[in-house]
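Asker: So the sequence lines, in the order shown, correspond to chains H and S. Residue numbering for the first sequence follows my numbering, beginning at 1 and increasing consecutively. Residue numbering for the second sequence follows my numbering, beginning at 1001 and increasing consecutively.
Careful: at least some of the hints might be erroneous.
Selected chain H positions facing chain S (Cβ under 10 Å, derived; list incomplete) [stated by the list, open to error]: (1) T52; (2) E62; (3) K165.
I should point out that these hints are in silico values taken from the structure, not numbers from a laboratory. Backbone N, C-alpha and C fix where the C-beta goes; we use that ideal spot for every residue, glycine too.
Here's the letter readout for the chains.
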Amino acid sequence: MGRSMSSEHLAALHRPAKPLPPRHRTYAWAWAVGVVVLLLAITWHLGINFTTLAAGLGDIAEYIHRYSTPNFTDWSRYLALMGVTLATALWGTVIAVGFAFFLAPLAARNFSPHASVYRGARETLNFMRAMPDLVLALMFVAAIGLGPFPGALALGVHSAGFLGKFLAECMERVDKDTCEGVASTGASFVQRLAFVAWPSILREGFGYLLFILDRNVRMASMLGMVGAGGIGLELYNSLRMFNYDQSAAMILVILAALLLIDHSSSWLRRRLE
Amino acid sequence: MLLPSAKWRWPSPSGLPSQRIVGGLLALGAVLWLTAPLVELNLPRLVSSSGRLLRFAGQLAEMPEWGYLPQLLKKLIETVEMTVLGTSIATLVSLPLGILAASNISPHPWVCRLTRDLLSLMRAMPELVWALVFVSAVGLGPLAGTMALAWVTVGFLGKIFAEAIEVVSPKALEGVRAHGAGRIQTLQFAVLPQALPDLVGTVAYILDHNLRSATILGLVGAGGIGYDLIMSMRMFQYGRLIMIMAAIYLMVTALDRASDRLRGQVIYGQVYEQ
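Make a model of the complete structure from these sequences and hints.
Answerer: Set out below in C-alpha cells:
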C-alpha cells in the first residue's frame, strides 16, 4: 500500500503541473484607450489648441510678473474688508447649520418620520445645492440690494444643501441596534434625535461643518464680483481698473486669511481625533 | 410641566450640557452678535424685500424661449466637456504630486513639505480668480476655464490623494518591500490597491464639484453656460434664464445621483440605494 501511494505521488510529480487558473481578464487597456480618445475628441471639439497654451505660458509669466509689486498703503481697509468677508462666511455657515439642523434628520431614511417626508427633504436639499451660490447671490442682490447680507444668505442656502446631505448620510450610518434600543423605550422622534442621531454623529458632523466653513470663506471672497460686498468687490474693481499693485496686495491678504483658516481648521480637526 | 426635566435630560451623566459646549455656544453667540453689523444683517429689510424676491421668482415663471434650445445645448455640452477635460488632466497631474506629498512614501520630508505648500497655494483661491488670471493670459474661451478648473482641482486632489495614501497600512508596505520591491513596485502593489477605492470616490465627488464650478466660470468669460446665464439675467431675458436654470438643475442633479451611486459602490461595495 505504501508502495502504491509513493508511486501515485511519483506519478503526480511527473504529471504536467495543473495549468494556472486563467488570468483575471481586465479591460483596463480598453478603458484607457477609450478615455484617451474621449479626451482628444473633447479637446478637438472645444477648439483647444495646446500650442496656444504653450505660447500663452510666456504671457502667463509676464502677467503674473505684473503682480510682483504689491502696494499695501491701504492695508487697514483691506483688513477691514477681509473681516467683512470672513463675517459673511461665518454667517452663511450659521444659516446653513440652521437649515441643516432641521432638514438633515428628515432626510435620513432611518430617522425620517415618513417616506414622503424623507423624499421631500432630500429633494429640498438637492434643490438648495443645485443652484451655484454666485447665481443665488445675484438673485438675492437683485431682490434685497447690494451688501454682504445677500451674500451670506446665498452661501447659507447653497451650503445648507451640502451640509444637510452630509449630516443625513452620517445619520444613516448610525448603528441600527442603537436606534432600535432607544426606539424600543418609546422615544419620540425628537427624543430619538436628541439621544441617538445627534450624539452619534457629533464628531463627524463637526468635521463636515469645518469643511463647509472653509469652503464658504473661499466663496465669500468671490461673492463681491456680483455685488455682495466684502473684499471680492474691491478686488474685482481694482482688477478691472488694471491696478495690479493694489490687486496683488488684496490677493495676498485673501491668501493669508485662507491659509490661516486652513491651518486652524486642520488643527481643530486633529484635536477632534 | 412643559419641559419635564426627567424626559429632556442632556445625554450626559449630570443631565446638563458640558461646560465646553455651553462655553462654545456662548462664544459663538458673542461672535455672531459682534459680526452682525459687518454683514449688515437687517431682518426688517429681509422681510420687506421678500415681496421683491417673490416678484423676481414670478417673473421667472415665463414661457421658455424654445428658439434658444440649440444654443443652450451647445453651451451645456461645452460646460460638461470643460469639466471632464479639466478633471482628467488634474487627476493625472495630482497622482504624482499626491505621492510626493504623502509623508509615508515621499522621497524626502522636505519634498513632502514643499509639495504640500504648493498644493495648498493652488487650492487657496477659488476657480473664478484663477479663471480671471488665465483669461488674461490665454484669452477668452473654454481653454482658460479648463485650465482654471484643472489648476484648483490639482490642489484639492493632490491633498486628498496624499491623505488617502497616508492611511495605507504600513504592514502592506513593509510586506511588499521585504520582497525586494522597488519604489514603483511598492506603489503598484501596496499603495494603489489600498488607496484606490478612496481615490475613485474622491474623483467622483470632485467631478460633481467641478461641474458646479464650470457652470459659473462663464461669468468671467472662461467658457461654458455661465456667460449666457449672467447675460440673460442682466438683459431680463427670463424666458432664457428659466431654461438655463432648469438645465443646470437637471445636469447637476443627474451627476450628483450618479456620483453618489458610484461612491456607494466603490466605498461600501454595494449600490447605495437612493
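Asker: List, from low to high, the hint numbers that the structure doesn't satisfy.
Answerer: none
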